[in-house]
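Given these sequences and hints, build the entire structure.
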Amino acid sequence: MTESGTQTDEQTVSALVMKGISKRFGPVQALSDVSLTVRRGTVHALVGENGAGKSTLMKILAGVYRPDAGTIEIEGLRRSFERPEQALEAGVSMIYQDLDLAQHLTVAENVFLGNEPKGKLPFTVDSRAMAENTARIAASFGFDIDPMAVVGELATGDCQVAEILKALARKASIIVMDEPTSSLSEKEVERLFTIVRQLRDKGLCVIYISHRLEEIIGLADEVTVLRDGRVVHSGGIGQLNIPAIVRYMVGRELTDFFPARDVKAGDAAVKVSNLSSGKRIRDIGFEIRRGEIVGMAGLVGAGRTEVARAIFGIDKKTSGVISLDGREVSIESPADAIANGIAFLTEDRRRTGLCIGLACSWNITLAGLDRIGMRRIISPARENKVAEEIGTQLLIKWVGPEAPVDSLSGGNQQKLLIARWLLCQSRFMIFDEPTRGIDVGAKKEVYTLLNKLAEQGKAILFISSELPELLGVTDRILVMRRGRMVGNLKTSETTQEEVMHLAAVEN
Amino acid sequence: MGKFVRQLLPFGSLVLIICILSALRPDTFLTADNFLNVLRRSSVYGIVAIGMTFVIISAGIDLSVGSMLALAGMVGAAVMAAMGQANPQAGTFVTGTIAGVIIGALCGLGNGLLITTLNLQPFIATLGTMSLFRGIALVMNRGQPINVSEYTYLGEGILLDVPVSVIIFAAVTAVAAFILRYMKLGRYTYAIGSNREAAFHAGVNVKFNLVCIYTLIGLLTGIAAMIQVSRTVSAQPTAGLGAELDIIAAVVIGGASLSGGQGTITGTIIGTLLISFLRNGCTLLGISTDAQFIVIGIIIVLAVAVDQLARARAKTSEKIV
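Chains as they are written, first to last, in the working numbering: chain B, 1 to 507; chain L, 1 to 321.
Worth flagging that the hints you see were computed from the coordinates, not collected in a lab.
Because the structure is a prediction, the values reported are computed rather than measured.
Careful: at least some of the hints might be erroneous.
Some chain B residues well away from chain L (every beta-carbon gap over 12 Å; in silico) [claimed, not checked]:
{"id": "1", "residue": "173"}
{"id": "2", "residue": "190"}
{"id": "3", "residue": "244"}
{"id": "4", "residue": "320"}
{"id": "5", "residue": "348"}
Covered, in the sense of this in silico footprint (three residues per stretch, anywhere, with C-beta under 8 Å from a C-beta of chain L), are these stretches of chain B [as the list claims (entries may be wrong)]:
{"id": "6", "stretch": "333–341"}
{"id": "7", "stretch": "353–360"}
Every residue, glycine too, gets a C-beta built ideally from N, C-alpha and C.
Spelled out as structure tokens, the structure:
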């Protein structure tokens, strides 16, 4: 038990008690009789597969949705939220996965957005007070951030600090963080953990939603596991380890987390030499053989995505030769790349992947209309059939191929994008953080899929920030640091430490 | 489900307006003559609205359509006048018509190139060309209209009991609907409007498709312009003043979203007819053209507000997590 744990034994009133919460969306029962108790001064982890109901539960807490049944008590008082503002006033602050800040305003302006201290004249705002208060709150927690910095220019880690300051400025007592580490570098993750522990030690509760179970073990005091809209376990982190949590999440053992593979790599399918793109990446060269999965490791900002963008024709190359199956190819645009059999699953599916308002089937066929014989005329009926088939193959959970994309969970949206590239029957596939923000079960499905693609003779470049998955899935690992390639390691002969060392340490 | 309801609303409103007007003026409103007249009057702006549908779905806008109407008409009429108004042959009229249509397409192409190569926002680019095209139309003949007294077929001609302008309107509607639903240009229009970056990453040639879209609306505006010229047997440099408002309103009332990714040809037709019947009703009820501005303005705001409400409600009930 942590120190704060013994402190809260004295208090009989919990910070938050949600009891018997149920919520239905059309045919889907998102939550059934879910109860959650969070005590003051604790970090409470909320885990579960995608679609288990975590986001729905938190959105009910934040006043975005109304529950069909159940009660919410904050500090012993029964609350019912009609609008999100009421939840904010009650001390509940949500920090979403895609942060919610105004990019063109400063940190101080964001922190006090909607809550600005009034100036001397009517209708004015006291900017100095805003900056001073922001600095004060930041100092009391030991955060180093410039209140006058413009948010759009900050790194993700600093943006998160701004969001936390925003919550603190509103005197939040319950802070909910949804997948806070998915876009952070290792260093920023450490910093976040320190911040979370500080918040806890000052008596706040932090509800921490994450798919990264190693983080949960290291950080949380208590954990609640949801599965299919119900609570399957709730209690202290005490004796739990990762396999135990996974077992609760998926209801079965997940042995062999990384599926085995026995693929004999063939001839060189992809050869990249002397690839440079301005100052971002310089002199990158590597080979991928047919049936090989090559990983790309590196810190955030090392240039991994930039390599993919240069190969795919998004960024201009200042030098470099790309050959596929022995023949040099000229790629000036994504259309060229796709025509040459290259696929690129981007890391930010909302911004560069999905067309949110459009149907699933439209999203699936977008890059491959020519491939499915719809070069001139599109047949919606056949399109739906094709989408249905590939959806079944990838086990996509949806109402149907005509459903809009935003009705799918994150993991299923990711599968949708994979379906898009499968349809193109590419020979060289680049996956950029394909398992980001998706749950344990879906991750394993992605790994199995990657193996299957390799078995089919495709060449795969797998960019990832999760070293365990790189070591579990790839044949070789390329390491990037500051725009250059500093390592080309055989996976079976290397370790996490060696990769990390190459990625992080200057020599 | 939400999409169906959203299309039902403008259609329902259209039916409602027709019913109300039928009740108020059964003798003058509910006649075949009047309906045909309304259809005929809808053709010019309606054809442009079809093009505007593509533009708005692509998350763009074209404010220069009114000016294009004037310029295309003036050039078409000028060609006809130059080729011999005194002894007009069918060939003169055909050539003039084609000239007008081509000018429209060229204006549209110009808009498209400004937007894609100079990366100007459509609002800004077409605000500029709105002024430019209008200026050229005015200067061409020193502010004077150009008469083409025998050029009546497009505007007044009848083919198989249907006005020629209505036939052209119907044909344009059918072709546009086909392109939007069954051809790549249509599909890519939706994709670009929904998420331009994502479309680009999926291999869509965004710039090329945008140029096509703006050229298309230009082409359609050229056709509409020549019908307009034929209807008044003269090209007015002041034609189409304020047209962009009615046209954009028609598309938005029909269910398209100004932020892109949504809209249908059917919706635009309904929106066009709604505004036409409203104006027709106002005239029959004795409401002055000035006062009509108030009526149309209220309708536009109501239509968009109701649509936003329906959209917001659909969002909170459909979401699965």
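So, going through the hints one by one against the coordinates:
no., hint, verdict
1, 173, "holds, 25 Å"
2, 190, "holds, 30 Å"
3, 244, "holds, 25 Å"
4, 320, "holds, 20 Å"
5, 348, "violated, 9 Å"
6, 333–341, "holds (count 6)"
7, 353–360, "holds (count 6)"
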